[in-house]
Amino acid sequence: MSAPSSLEALIEALRCLPGVGPKSAQRMAYYLLQRDRQGAARLGQALTHSLQVLRNCARCNNYTEDEVCERCQSPRRDATQLCVVESPADLNMMEQTHVYQGLYFCLMGRIAPLDGVGPRELKLDRLLDRACDGVVKEVILATNFTNEGEATAHYLGELLRARGLSVSRIARGLPVGSELEHTDAGTIAQALVERRPL
Amino acid sequence: MAALKNRVLHQTGHVLHTLPYRETSLIIEAFTREHGRVALMAKGARRPHSSLRGVIMEFLPLEFSWSGQGELKTLTHCEWLGGQALLRGRALMFAYYMNELLLRLLPREDAHPALFDHYAATLAALSIQADAADEVLLRRFEHALLRELGYGLHIEHCADSDESIQPVRHYHYEIERGLIHADLRQGAEDGRLYISGRTLIALQADDYSEAETRQQSKQLMRMLLNHYLNGQPLQARRVFKELQEL
Numbered sequence: 001m002s003a004p005s006s007l008e009a010l011i012e013a014l015r016c017l018p019g020v021g022p023k024s025a026q027r028m029a030y031y032l033l034q035r036d037r038q039g040a041a042r043l044g045q046a047l048t049h050s051l052q053v054l055r056n057c058a059r060c061n062n063y064t065e066d067e068v069c070e071r072c073q074s075p076r077r078d079a080t081q082l083c084v085v086e087s088p089a090d091l092n093m094m095e096q097t098h099v100y101q102g103l104y105f106c107l108m109g110r111i112a113p114l115d116g117v118g119p120r121e122l123k124l125d126r127l128l129d130r131a132c133d134g135v136v137k138e139v140i141l142a143t144n145f146t147n148e149g150e151a152t153a154h155y156l157g158e159l160l161r162a163r164g165l166s167v168s169r170i171a172r173g174l175p176v177g178s179e180l181e182h183t184d185a186g187t188i189a190q191a192l193v194e195r196r197p198l
Numbered sequence: 199m200a201a202l203k204n205r206v207l208h209q210t211g212h213v214l215h216t217l218p219y220r221e222t223s224l225i226i227e228a229f230t231r232e233h234g235r236v237a238l239m240a241k242g243a244r245r246p247h248s249s250l251r252g253v254i255m256e257f258l259p260l261e262f263s264w265s266g267q268g269e270l271k272t273l274t275h276c277e278w279l280g281g282q283a284l285l286r287g288r289a290l291m292f293a294y295y296m297n298e299l300l301l302r303l304l305p306r307e308d309a310h311p312a313l314f315d316h317y318a319a320t321l322a323a324l325s326i327q328a329d330a331a332d333e334v335l336l337r338r339f340e341h342a343l344l345r346e347l348g349y350g351l352h353i354e355h356c357a358d359s360d361e362s363i364q365p366v367r368h369y370h371y372e373i374e375r376g377l378i379h380a381d382l383r384q385g386a387e388d389g390r391l392y393i394s395g396r397t398l399i400a401l402q403a404d405d406y407s408e409a410e411t412r413q414q415s416k417q418l419m420r421m422l423l424n425h426y427l428n429g430q431p432l433q434a435r436r437v438f439k440e441l442q443e444l
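Protein chains in written order, with the numbering used here: chain R, 1 to 198; chain Y, 199 to 444.
Careful, some of the hints might be misleading.
According to the in silico footprint, chain R covers these stretches of chain Y (three or more CB under 8 Å from chain R) [as the list claims (entries may be wrong)]:
1. 285 to 291
2. 295 to 302
3. 313 to 320
Here are the simulated lysine-lysine pairs, DSS-like style, with alpha carbons at most 27 Å apart [stated by the list, open to error]:
4. R:K23 to Y:K439
5. Y:K416 to Y:K439
6. R:K123 to R:K137
7. R:K123 to Y:K439
Calculated from the structure, these hints are not laboratory results. Note that beta-carbon positions come from the ideal geometry of N, C-alpha and C, so glycine has one too.
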């Protein structure tokens, strides 16, 4: 006996989530229908609603309900500094530090040559337009310290410098409060390569 | 006993590419010296505090241990071998290009120790050259790759006459056939690649000191690789080209 088509459609729809295969999708579907129909209704509404109202901020590319997000409009932020991050999660982490008062640009990805993600897929021209608005003086590159993040930072650095902007990269090294003895060799090696004069 | 028999320990290798798998795992395409290209599943490698984070990185010398019989093995241990700085800039793009070639052309579990050594030495050279990365490194790698995979270049003799290559003459290269005398006085035909005898003799010795050799060998390699890749374009080359055009 096969499942009703609407149940099948629900299971199939849940599979679009990362890391969810047919088994997990079926489990989720039965859970929502049997145990938490209210939660399921809320989930459905939230999905429909957010798809309708959320879009990318015209300035920072992060998700917002307005044309330009609140942070980009805030007079308290320093508009001469622009920090480039890979994802909204990275942006939130930067905000939690409370040491940065400038603005952001969220790439929503990174250059990944083997996955076919290049400047075109990333829409790098949007970042270049944003950084060259005449107000931004310094661009801080805060992409990840993976090979892909490094490649992204390198090319962004070259492009932005060529447009007369001052470009910096967040520092890499030992975690705060850590001891050499308990740090992985790769981190120490790179910290040694990138040591700075005192 | 069966589990022990399928255990492989302490294999020197490099990560070619990784794919996220399920919630917290990772599938690693590794190139090892003794076992060639292997697919390894790293369970839990994407958890926030996994000891594999910061270790499983492309282009760095690593040591892998795994177990399992099927095509996808289970990674049991991975260690950082050190001695090489992270790649930067142009060198990074060159290294991605090599990885893509290996991923596309190297069959799984077919050991190529000589090619592995060549690859590892090229990465070490790239880590020093960084932004001044020399394209000649790629030509030598392409040459070594084609040689190792058994796609000989056949550039020692003329295919139609068995005559040895004359430095002053010009030749066509026909895929899977080899070199044919070209008569330049008839004018160049469309789409055919002309190579000078001088270039061919330099190529045999992997000597790229002349500008003409560098240019013609690049065209020859591109034509051959394109053929063996069944005309499917290389992503790394496209991304690199687009970045340079910005």
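Which of the numbered hints above does this structure break? Hints 3, 4 contradicted; others consistent.
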